[in-house]
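Enquirer: Build out the structure end to end from the sequences listed, making use of the hints.
Each chain, letter by letter, is given below.
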Amino acid sequence: MATAKNKRKTNTEDYLRMYRQMVRIRSFEDNANQLYLSAKMPGLTHMYSGEEAVAVGICEALTDDDKITSTHRGHGHCVAKGAEFKQMFCELLGKAEGYCRGKGGSMHIADQSHGNLGANAIVGGSMGIATGAALSAKLQGRTDVTVCFFGDGATAQGLWYEVMNMAALWKLPVIYACENNGYSEYTKTDEIAAGSLTARAEAFGIEAFEVDGQDVLAVNELAQTLVARARKGEGPFFIELKTYRYHGHHVGDINRDYYRSKEEETIWKEQRDPIINFGAWLTREGIASEEELQELRDAVKADAEAAVSYALAADYPDISEVDMHVFAPNDAA
Amino acid sequence: MATAKNKRKTNTEDYLRMYRQMVRIRSFEDNANQLYLSAKMPGLTHMYSGEEAVAVGICEALTDDDKITSTHRGHGHCVAKGAEFKQMFCELLGKAEGYCRGKGGSMHIADQSHGNLGANAIVGGSMGIATGAALSAKLQGRTDVTVCFFGDGATAQGLWYEVMNMAALWKLPVIYACENNGYSEYTKTDEIAAGSLTARAEAFGIEAFEVDGQDVLAVNELAQTLVARARKGEGPFFIELKTYRYHGHHVGDINRDYYRSKEEETIWKEQRDPIINFGAWLTREGIASEEELQELRDAVKADAEAAVSYALAADYPDISEVDMHVFAPNDAA
Amino acid sequence: MREITLSKAVNEAIAEEMRRDPSIFLMGEDVAEAGTPFKVLSGLVEEFGTERIIDTPISEPGFMGLAVGAAMTGSRPIVDLMFGDFLFLVMDQLCNQAAKTHYMSGGKLSVPLVLRTNMGATRRSAAQHSQSLHALVAHIPGLKVAMPSSAYEAKGLMKTAIRDNSPVVIFEDKLMYNDKAPVPEEEYLIPFGEAAVLREGSDITLVGTSSMVQVALAAAETLAAEGISAEVIDPRTIVPLDEETILTSVRKTSRAMVIDEGHQSYGVSAEIASRITEKAFYYLDAPVVRMGAMDVPVPFSPALEDITVPTAEGVAAMARHLVRGEARDVA
Amino acid sequence: MREITLSKAVNEAIAEEMRRDPSIFLMGEDVAEAGTPFKVLSGLVEEFGTERIIDTPISEPGFMGLAVGAAMTGSRPIVDLMFGDFLFLVMDQLCNQAAKTHYMSGGKLSVPLVLRTNMGATRRSAAQHSQSLHALVAHIPGLKVAMPSSAYEAKGLMKTAIRDNSPVVIFEDKLMYNDKAPVPEEEYLIPFGEAAVLREGSDITLVGTSSMVQVALAAAETLAAEGISAEVIDPRTIVPLDEETILTSVRKTSRAMVIDEGHQSYGVSAEIASRITEKAFYYLDAPVVRMGAMDVPVPFSPALEDITVPTAEGVAAMARHLVRGEARDVA
Ligand SMILES: Cc1ncc(C[n+]2csc(CCOP(=O)(O)OP(=O)(O)O)c2C)c(N)n1
Ligand SMILES: Cc1ncc(C[n+]2csc(CCOP(=O)(O)OP(=O)(O)O)c2C)c(N)n1
Ligand SMILES: [Mg+2]
Ligand SMILES: [Mg+2]
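Chains as they are written, first to last, in the numbering used here: chain C, 54 to 386; chain H, 54 to 386; chain G, 10 to 340; chain Y, 10 to 340.
Using 27 Å as the maximum straight-line C-alpha spacing, the simulated DSS-like pairs for lysine-lysine come out as follows:
#1 Y:K117 x H:K139
#2 Y:K48 x C:K241
#3 G:K17 x G:K189
#4 C:K224 x H:K241
#5 Y:K288 x G:K261
#6 Y:K117 x Y:K168
#7 C:K224 x C:K295
#8 Y:K17 x Y:K189
#9 H:K224 x C:K241
#10 Y:K168 x Y:K48
#11 Y:K261 x G:K288
#12 H:K315 x G:K48
#13 C:K93 x Y:K48
#14 H:K354 x H:K93
#15 H:K93 x G:K48
#16 H:K93 x H:K139
Derived by calculation from the structure, the hints in this document are not laboratory data.
Expert: This is how it looks when you write it as structure tokens:
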């Protein structure tokens, strides 16, 4: 938190909103995991727990007009960009009131009305989309900025290099945010990535940054700066955010000993948890008392549980919806 | 030629073979162009004239067991890797005695028996093939090295970054040789490439080199070193070779004023021609007289013309060949 | 009516639409000053500038991806893919992203983009520059697929494609760029999903796509001289497919052939033939016969290449068989 | 005979072949210690080491390309593509390179590689992880395409694929990995291009591929109870396709349905149906009817996903129609 210490002037409301958003993500994931374990959720899902400071630190620097693209591990981005629990849980359960009317599920969840252009089940699949959104903003004379979230493993997709080249050539307002949690599924990314990630971006003439992804204030501070610069046409940028996922690659990945140790997990969870550490800082700085934070957490928990109950009881889409939305409607001529 | 001056010890035979190979490429191209202009060649073709020192400097550092992959501008690589005129012209004209039985044509021409894994009409399409050949050599315990030729424009293909990563991780004996002739078809590559090519390779931990692609001795010297190192497992490597194509993008690209000036072409042709300059050096160093070089050129020219006549008179494949070679034969069980 | 080339027709369609709608832009390799290698887009950059006619690096997956994102956020991109063979490079962005976004988002996002590319062999360009790959995209729900067979259709379908709110892939036959046809000066659009009956007939229905429409028409001409009356139908779009026009014709003629330049096996002709059989079976006097390109990579040698694609003679011969009831062992 | 899962059958096939031939190696994401997310390859890295069971970066086009080059130069790679949906990423290397190299080189180079991947919906994995894309590769000359429908076939076809000197794409149904079937202890191979008649019958022929073989067999069971005798045929490989076995059956039964889990339009069932119509038309008493997956991206919601794929009930209902001559408006 060192870098943020001297930012006490930033107002309390912002801090508490960031804290709350991180808690909301954690809470969403805890409930999603429960839904999986109790066999109430169809399919699998990838938990964002542990990485909350990344999504929140960045999305808090964005306006509703700014865009993001998300990944298979997309619940965190979705919450951070302004989504509501009800429609999210409905989507997770394939219900008609879900953000995608149940058609997308966990891997395509997005509150599109807040500029989330979608989670993506193709690793790296949204890199072009994000860059294209930035191109569109530039061509249409808008000032919105797009943040492209992806994992360390996704840097192996050639698409990234193609779009970085164009983003750099055309000075597009896009920020590539690499959530480096150290793993690509069940493999340490170090074993499958040569050289340096920041150097790869820099080779295209793109300014690159590294930041502690567990420190929400550090992330937010950097994001504020880069978003403002991108808005002025000084982009694109690349940020590597060091972070960690607490759960398995997906909810079904329970026995992880063969690719990472319990000790490693414990260290991250106990010493580097973004919520615990930020909470401690908030109380230390006298911004909120532990009781206030507990209250906030309880309220979020209750919210989440109410949304889960709602979603469990909600209706599936009518089967007539199955062939709706294949093509977009054309305006009557 | 400065860098090579002190290599006078290298024997005369090598020098003359390099000279001869460059002349053979130029001669092949002049004839190919004539075949096009006189409407005797089916389709179009991309001339290698001007870039001879690249293919020859590199291929002269290779053995027959070493592999190369080539491009749409592949005649030069094909000659340099040991092909004969007859089968090459036959291929160019779609005749049965062509290296590919007329099925490949200019864009797929290759003397496969000398380790040429094929020209390729997909820009960048052979980057994976070359890297895979290197992987194969390593896995099978062979010591052959693979050179992957491609143009500056091809560096925009994401595939390159994917395969560089694997080549670097696994220390594969592959050399990426970028023929930087400044143009991607009708566009200056500077306008569509951000940052630095060598930095892109270096970002993956790959040693990168720049060399004057018009100086056959400089190219050859670097290639000798890198091939030897790659053979010892010290690869992969990247070389950027600055060069120039004399003709249009293809034989039909006659009016080029809108994308490059006549002056620019003249400077390269008159001051930087790899054959003229190397010939001058050979005579200056007393390695060959101008008469000997003229004799050599005449002999090559006669060879090429004889091969053209042969190819023009040669048979097309029988139509029964049309559905041969779709699948490779399987050994009888 | 004035006659213009297919190339000019495409150019006009794009120019007219770009004038109408500032959210349209076009991107691809060598599209600006060069106007594409086929010169189809010459002049557009002079009118619309390099902000709207954008030269890209040789990064097909990349700029296809950019187009998807731009289309989701208020722009209407036209992607120029120099050769249809490069479709293989953009399949993920086209089929996993563009085609599915509207559906996966429950209708919240849409991707109004046009991918214009080409098809057609016999240009002596060998296996990687000669393919007709429309079957691949037609199989993917969420993509519309247009196949103009003349300058007239090329213009009208392109304009409709640009105004469509879904991703559309439009295949131009690269051998037809210089073919002229009457094209009205006034604005017109050709709706998707409406086949054209280009020649009426009573003995057999010939359904041809793109380049094969000319082949079908030539075969019909030959057949007419022999007293066989062939109806020629051009579906114009294969997604959506105007089944009704085709079925109505076959119910009348009782015989049908489907001719398409893609590889025959697992190709477009199989779908059209299957629909005819499924829905007009009891009207059929002979099997519905397909003619596609041979199931071989396109060979370079002219001696071989020319025999890989359907010809008017081949079509006429088969039609004769079918009409004369000699079809027991045709295929 | 012992019964093993499809997963184990694939594992055994690869292990046996790797023991026999040191030039075989396997590459893909998380194939080594993890043994793939479906655990199909568990144990192989322990026996063959990380030199022959190679974990790759998430670079599908890249490692597909490496496999092509390795196959051209003395190795026999097996590429593991985690989901069939990722085929879109490797299409260029697979279809422009691997499929065409032998032909374009006039037979001088060959590309003996196996691409193993999967297919199948109803796993609640949504539109990008549920596709059955075998039609796309079947359309490209130069590729062989195998579609095992049981553990027995999975083993025998995989071994044949590995020994084939051409590129082979093999689709496993990811919902069948735990299904058991009798598999001999002794070595066996299943030749390509030989369909299996899995059930004999006289009233209608049901041709089913992969996952749809179970659906066809279940439908046949239902029909049998009603006195309708269905013959069930599994082509096993769709390229090459054993036309003769299918035609022989249809000439006997006079009716046919083709069931396949790919999208119906422009899909695999159209090819098989077209060939039946073309070559057995005069034996047919009813139209050949296709049943494929709906032409929609696969929806996540269980309520929707389940109705997108053909079911035994749907097949039985249609077969009943056809056999009872009620087929005038079936499709
Ligand atoms: C193109 C593609 N290849 C492979 C996969 C399978 N897959 C899903 S997530 C994943 C690992 C991604 O790692 P990373 O990008 O670091 O993201 P993380 O899961 O760590 O957040 C893989 C290989 C996929 N979904 N898409
Ligand atoms: C994937 C792909 N995209 C586009 C093309 C069309 N094309 C052929 S050559 C070329 C330019 C290649 O430039 P460069 O790599 O620098 O090679 P050069 O022609 O200069 O030798 C282009 C765009 C192609 N053949 N393949
Ligand atoms: Mg990761
Ligand atoms: Mg170049």
